[in-house]
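**Q** Okay, here's what each chain looks like letter by letter:
Protein chains: 2
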Amino acid sequence: MVVDLLGAEWADRVFHALADPTRRDIVVRTLESEHSVSALARHYPMSFAAVQKHVAVLEAAGLVTKRRKGREQLVRGDVGTVRRASRLLDALEAVWRDRVDRMSEILAEPDGGTP
Amino acid sequence: MVVDLLGAEWADRVFHALADPTRRDIVVRTLESEHSVSALARHYPMSFAAVQKHVAVLEAAGLVTKRRKGREQLVRGDVGTVRRASRLLDALEAVWRDRVDRMSEILAEPDGGTP
DNA sequence: CGAATCTACAACTAGATGGTTGTAGATTTG
DNA sequence: CAAATCTACAACCATCTAGTTGTAGATTCG
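Line order of the protein sequences matches chains A and B.
For the first sequence, this note's numbering gives the first residue as 1, with consecutive numbering after it.
For the second sequence, this note's numbering gives the first residue as 1, with consecutive numbering after it.
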């Protein structure tokens, strides 16, 4: 197969995590700088528990990590996972480009490879 | 704000569409070449109707398009949407890099901007 | 025409998702 | 120590999701 990343549960988790505007916003904020969960929660029109769940989804996808500092949990975005997701999409693009290349090959063949 | 793409419903639909292995596989196949819905359906251990729904999700996200040919509907992957999604992730990466740049700026300041 | 194929869509079910409230443990602060 | 803050987690509920089966409309083929 072309890329095994495509069948990976990892991709399921990452894309699902990114398919929500609140979670994307959390990723942006935490890529900029660390925030405690409750600091994040203040920005959204929902309960603390709801934001906590969003953070958990992002954490399970590897898009953020947490580290304890006193009584708060600091959330930080993980750019490596974002890059890996981006590369997966690049692989899709490559599939498309290969098709074109193969098309060109076929079209360039003298009198067809299928006698 | 950095990118309005982040709040867009479009991103919800695209990432949600990509968060399923069957749908990612359909994208790969249809980026390679056109396939009828029933031709696609033959590759997966589920009903025709289920695959049809997956195609509908991908179509709503703009990841594939359909064109009629006789009694069949040919599905083709749309690399433009894949690219747009990839760019959105690049924007996230840029947010992270900007933070670093800003950090460097701060660290590079002669004796700190905060007297 | 009649049979087969391809597609669309409705109705249904089990399970996941996104939100809520409430309770309890840890840690800081007065 | 006591109060306040931050987090974790359980239980609950409404809605969405991914699958199913079944029915019906187009289109091609014999």
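No lab work stands behind these hints, which were simulated from the structure alone.
Take these hints with a grain of salt, some might be off.
What the hints assert, rightly or not - Where chain A lies over chain B, by a calculated footprint (3+ residues, C-beta under 8 Å): (1) 17–27; (2) 36–49; (3) 83–90.
Claimed, not checked - Residues of chain A clear of chain B, computed beta-carbon distances all greater than 10 Å: (4) A11; (5) P21; (6) R24; (7) A39; (8) L74.
Ideal Cβ placement from N, Cα and C applies to all residues, glycine included.
**Q** If a hint holds in the structure, say so; if it does not, say that too.
**A** Okay, the hints, checked on the actual structure:
For the region 17–27 of chain B, the stated coverage by chain A holds: 7 residues have a C-beta nearer than 8 Å to a C-beta of that chain, and at least 3 were required. With 0 residues having a Cβ less than 8 Å from any Cβ of chain A, the region 36–49 of chain B misses the three-residue criterion, and the hint is violated. Counting residues of the region 83–90 of chain B whose CB lies closer than 8 Å to any CB of chain A gives 5, which reaches the minimum of 3, so the coverage claim holds. Non-interface call for A11/A relative to chain B: violated, since the shortest CB-CB distance, roughly 7 Å, does not exceed 10 Å.
Once the 10 Å rule is applied to beta carbons, P21/A is inconsistent with being away from chain B; the minimum gap is 5 Å. Listed as a non-interface residue, R24/A fails to keep its Cβ farther than 10 Å from every Cβ of chain B; the least gap is roughly 5 Å. Residue placement check: A39/A keeps its beta carbon more than 10 Å from all beta carbons of chain B (closest about 16 Å). For L74/A, the shortest C-beta to C-beta distance to chain B comes to about 15 Å, beyond the 10 Å cut-off, and the non-interface label holds.
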